[in-house]
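Protein chains in written order, with numbering that gives the first Met the number 0: chain A, 0 to 147; chain B, 0 to 219.
Note that these hints are calculated values from the structure, not bench results.
Errors might be hidden in some of the hints.
[Claimed, not checked] Listed next, the stretches of chain A that the computed footprint assigns to chain B, with coverage defined by at least 3 CB atoms under 8 Å from CB atoms of chain B:
hint	stretch
1	58-72
2	86-99
[As the list claims (entries may be wrong)] Distance ranges between label pairs, derived from CB positions:
hint	chain 1	residue 1	chain 2	residue 2	range
3	B	Glu62	A	Leu4	22 to 32 Å
4	A	Pro50	B	Arg138	14 to 24 Å
5	B	Thr75	A	Lys133	39 to 49 Å
6	A	Leu118	B	Glu62	42 to 52 Å
7	A	Leu118	B	Leu68	41 to 51 Å
8	B	Arg138	A	Asn1	27 to 37 Å
9	A	Leu118	B	Val40	11 to 21 Å
10	A	Ala2	B	Ala213	42 to 52 Å
11	B	Gly215	A	Ala2	45 to 55 Å
12	B	Gly215	A	Phe5	46 to 56 Å
We put the CB at the ideal spot given by N, CA and C, even for glycine.
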Amino acid sequence: MNARLFNHLAMGGFGLALGFTISVAGLSNWDEVHRMFSLGLFTSGSAGGNPRLLLAFGGAILLSMAGFRLLARHDQIPVKPIRTGTISGAILFGAGWAITGACPAAALVQLGEGKLVALATLGGILGGAWLHEKARRAFHWSRHSCVD
Amino acid sequence: MSGFLPWWLAALALGAITVGYWIAVRRPLGVSGVLARFTRVREELEFDRGVAAVNRADPIALEAELLALTQEAFGTVGAPLAGATAPAAPEVGSGAGVMEPAVPAAEAGRACAPVPSLGAHLTFLGMLVVGGALAALLRGTWGAGLGEAFARHLTPGPAGLAALAGGGVLVGFGTAMCGGCSAGHGLTGAGRLMPGSLVSTGVYFAAAVAVAVALGWRLT
Numbered sequence: 000m001n002a003r004l005f006n007h008l009a010m011g012g013f014g015l016a017l018g019f020t021i022s023v024a025g026l027s028n029w030d031e032v033h034r035m036f037s038l039g040l041f042t043s044g045s046a047g048g049n050p051r052l053l054l055a056f057g058g059a060i061l062l063s064m065a066g067f068r069l070l071a072r073h074d075q076i077p078v079k080p081i082r083t084g085t086i087s088g089a090i091l092f093g094a095g096w097a098i099t100g101a102c103p104a105a106a107l108v109q110l111g112e113g114k115l116v117a118l119a120t121l122g123g124i125l126g127g128a129w130l131h132e133k134a135r136r137a138f139h140w141s142r143h144s145c146v147d
Numbered sequence: 000m001s002g003f004l005p006w007w008l009a010a011l012a013l014g015a016i017t018v019g020y021w022i023a024v025r026r027p028l029g030v031s032g033v034l035a036r037f038t039r040v041r042e043e044l045e046f047d048r049g050v051a052a053v054n055r056a057d058p059i060a061l062e063a064e065l066l067a068l069t070q071e072a073f074g075t076v077g078a079p080l081a082g083a084t085a086p087a088a089p090e091v092g093s094g095a096g097v098m099e100p101a102v103p104a105a106e107a108g109r110a111c112a113p114v115p116s117l118g119a120h121l122t123f124l125g126m127l128v129v130g131g132a133l134a135a136l137l138r139g140t141w142g143a144g145l146g147e148a149f150a151r152h153l154t155p156g157p158a159g160l161a162a163l164a165g166g167g168v169l170v171g172f173g174t175a176m177c178g179g180c181s182a183g184h185g186l187t188g189a190g191r192l193m194p195g196s197l198v199s200t201g202v203y204f205a206a207a208v209a210v211a212v213a214l215g216w217r218l219t
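Build out the structure end to end from the sequences listed, making use of the hints.
Here it is, written out as C-alpha cells:
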C-alpha cells in the first residue's frame, strides 16, 4: 500500500480510537480530571475521593511498560533524556492541566463532544506553543525534537 | 454525566493504543508536539518536503553525496583541516578507529519511521475530534458542559473563558518546554522508562495535584 495513504489510515484510526477512549474514560470531563488531581479532598457523597482516573492513567502507563517490554524491546525508538526545560516545563503543564481539566488531546476531544468552550483552551495551547517557539529562539534554548 | 469506563478497561484501551500505535505507525505516540507543528505551518511544510526528498532518494547515492559534502566541509579522515583544533587523542587500547554498531545486528528491532507529513498529522488530530464526537453522540451527552463542578466554579462568561485560555497557554508552553504531554511523556515515554519522561510525568502530576488542592474547588 502507498505509504502516505497508510499513514493517513493508520493515524486516523488510532486518532479515532484514542479520542473515543479519552471521552468514555472521562479524561475529557473537567470534574473527573479534578477528582483525580484533588485526591478526593474536596469531594462529598459516593463519587467522593474516587481514584478511578488515577488508576486508569497509572494502569495505562504500567500496561504500556509491559507492552513495550514484551513487544518492542529491541526497537529503535528516539530517546527522551532529562533536559534543561524538563522540570520547569512539566510544572507549567501540570498547572495548566489542573486549571483547564484538559491535556492537549482532551482539548480536541472536548471540541468533538460539542463543548465549544474548549476552543478557548485549544487557542491557549496553540498560543502557548507559539510563544515557546519565540522564547526558544530568543533565549537560544535547544529543541527537544521535531515532533514528540 | 456518570457512567464512565471502569478504570481497568480505560487503562487497557489506552495501553493497547499506545503500544499498537508504535507497532503500526513506527512513531512514538504523542499529541502536544503534533499540535505545535500547526503553529509554524510554513516551516513544517518545508520540513515535510525535505523528508519526502530523502525518502525518494536512492540511499546509496544519498550516502555518497552526504559523505562528499561532509568531507568537503570537514576534510577527510587523517587529513584534518589546517588550523582546526585536533580532537583529543583516544586512549590507547580503547579500540580507536573501530566503529561499533549502536545496536547489535541480531538484536536490532523495528526502526523508527520518518516524521509523518503535516497532512497525516492533521488527519490524526481531526480523528481525535471525531472520536470525541462519536463517544458523545453514542452516550447522548453531545454539547453538555465541561462538567457540573466546572459550571459552578468557572461560570460561562469572560472569566471562565479567560481561565481556560490562560490555562491553555500554560499547557502549550509547558508541553513544548518539557517535550511532551500526557501521551508523549506519560503513556509512551514513561512506558519506555525514558528518564526525561519519568521525571516530566512525576512533576506535572505533582504540579497538577498542588494546583488543584490550592484552588480547592469543591466537587460533588
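Status of the hints after comparison with the structure:
no.: 1; hint: 58-72; result: holds (count 13)
no.: 2; hint: 86-99; result: holds (count 14)
no.: 3; hint: B:Glu62 to A:Leu4: 22 to 32 Å; result: 28 Å, holds
no.: 4; hint: A:Pro50 to B:Arg138: 14 to 24 Å; result: 22 Å, holds
no.: 5; hint: B:Thr75 to A:Lys133: 39 to 49 Å; result: 41 Å, holds
no.: 6; hint: A:Leu118 to B:Glu62: 42 to 52 Å; result: 47 Å, holds
no.: 7; hint: A:Leu118 to B:Leu68: 41 to 51 Å; result: 46 Å, holds
no.: 8; hint: B:Arg138 to A:Asn1: 27 to 37 Å; result: 36 Å, holds
no.: 9; hint: A:Leu118 to B:Val40: 11 to 21 Å; result: 19 Å, holds
no.: 10; hint: A:Ala2 to B:Ala213: 42 to 52 Å; result: 48 Å, holds
no.: 11; hint: B:Gly215 to A:Ala2: 45 to 55 Å; result: 51 Å, holds
no.: 12; hint: B:Gly215 to A:Phe5: 46 to 56 Å; result: 49 Å, holds
Checked against the numbered hints above, the structure violates none of them.
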